[in-house]
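Assemble the whole structure, with the sequences as input and the hints as a guide.
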Amino acid sequence: MIGLVIAIIIYNFIAFKTNKRLTKNQILHIWLFTIALQGIVDLYIDCKYSAYWYFEKGVDWTSLPALTLLIPPVNMMFLNWYPFGSPLRKRVMYYFYWVLFMLIYEMIAMLPEPWGYFHYGWWSIWHSAFVDPFLLMLVSKFYKWVRKLEGMN
Numbered sequence: 001m002i003g004l005v006i007a008i009i010i011y012n013f014i015a016f017k018t019n020k021r022l023t024k025n026q027i028l029h030i031w032l033f034t035i036a037l038q039g040i041v042d043l044y045i046d047c048k049y050s051a052y053w054y055f056e057k058g059v060d061w062t063s064l065p066a067l068t069l070l071i072p073p074v075n076m077m078f079l080n081w082y083p084f085g086s087p088l089r090k091r092v093m094y095y096f097y098w099v100l101f102m103l104i105y106e107m108i109a110m111l112p113e114p115w116g117y118f119h120y121g122w123w124s125i126w127h128s129a130f131v132d133p134f135l136l137m138l139v140s141k142f143y144k145w146v147r148k149l150e151g152m153n
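For the sequence shown, the positions run 1 to 153 when my numbering is used.
For the record, the hints were derived by calculation from the structure and aren't laboratory data. From a predicted model like this one, the values you see are computed outputs, not experimental measurements. Glycine included, every Cβ here is placed at the ideal spot set by N, Cα and C. Please note: incorrect hints may appear among the correct ones.
No farther apart than 25 Å at their CA atoms in a straight line, the calculated lysine to any residue pairs in the SDA-like style are these [to be verified]:
no.	residue 1	residue 2
1	141	61
2	90	56
3	144	80
4	20	99
5	24	64
Label pairs and their calculated CB-CB ranges [claimed, not checked]:
no.	residue 1	residue 2	range
6	23	112	39 to 47 Å
7	148	49	16 to 24 Å
8	151	50	38 to 46 Å
9	91	114	33 to 41 Å
10	51	137	18 to 26 Å
11	10	39	31 to 39 Å
12	57	89	23 to 31 Å
13	145	97	38 to 46 Å
14	112	59	21 to 29 Å
15	93	10	20 to 28 Å
16	39	119	17 to 25 Å
17	138	8	20 to 28 Å
Structure, rendered in structure tokens:
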């Protein structure tokens, strides 16, 4: 739990302190989208298939901070620093570095308690390495859609 609390504080501080691009409306959209998507995905992957889980298998109230306060600021940082309009090679490298960061953090989150809080069932780091780029692309596409709805594109 200690590792989760530290990560939540650091990620939220960095996300809000360095934000230069995202409006309050976009932050709200990204935050709620992230919570909804993660909630739906985790409902199946955690509760139904026991692929991975936070703290304990199944519905666990102690996992709420991980589901609601950890990933949204990470998505804010990803979008805030995303090199929109840059050459494809630069954007691909940006994804690569973010996936690498996410995989390293996932391994840290698997440390024994009190530092770690994340556990694998049949899931592996390779599953995450495959899925994470698609999740980041989905967040990026959602952000572009929000900007279009706001008339900013």
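Now for the hints, and whether the structure bears them out:
1. Taking the CA atoms of residue 141 and residue 61, the gap is about 30 Å. The hint is violated against a cut of 25 Å.
2. Distance hint between residue 90 and residue 56 is unfulfilled; the C-alpha atoms sit about 39 Å from each other, more than 25 Å.
3. At roughly 12 Å between alpha-carbon atoms, residue 144 and residue 80 fall within 25 Å of each other, so this suggested pair holds.
4. Note on residue 20 and residue 99: the hinted pairing holds, with a Cα-Cα distance of about 22 Å set against a maximum of 25 Å.
5. Simply put, residue 24 and residue 64 have alpha-carbon atoms about 23 Å apart, close enough for the 25 Å limit, and the pair holds.
6. For residue 23 and residue 112, the hinted distance range of 39 to 47 Å is satisfied, since their beta carbons lie about 41 Å from each other.
7. The supplied range of 16 to 24 Å is broken by residue 148 and residue 49, whose beta-carbon atoms lie about 35 Å from each other.
8. In this structure, residue 151 and residue 50 meet the distance hint of 38 to 46 Å, their C-beta atoms being roughly 44 Å apart.
9. Between residue 91 and residue 114 the C-beta distance comes to about 38 Å, which sits within the given range of 33 to 41 Å.
10. In this structure the hint that residue 51 and residue 137 lie 18 to 26 Å apart at CB holds, the actual value being about 21 Å.
11. Judged by the Cβ atoms, the range 31 to 39 Å given for residue 10 and residue 39 is violated: they are separated by roughly 23 Å.
12. About 42 Å separates the C-beta atoms of residue 57 and residue 89, a value inconsistent with the hinted range of 23 to 31 Å.
13. Roughly 24 Å separates the CB atoms of residue 145 and residue 97, a value that falls outside the hinted 38 to 46 Å.
14. Roughly 23 Å separates the CB atoms of residue 112 and residue 59, a value that falls within the hinted 21 to 29 Å.
15. At about 24 Å, the beta-carbon gap between residue 93 and residue 10 stays in the expected band of 20 to 28 Å.
16. Between residue 39 and residue 119, the C-beta spacing of about 18 Å keeps the proposed range 17 to 25 Å intact.
17. In this structure the hint that residue 138 and residue 8 lie 20 to 28 Å apart at CB holds, the actual value being about 22 Å.
Violated hints for the displayed structure, listed by number in ascending order: 1, 2, 7, 11, 12, 13.
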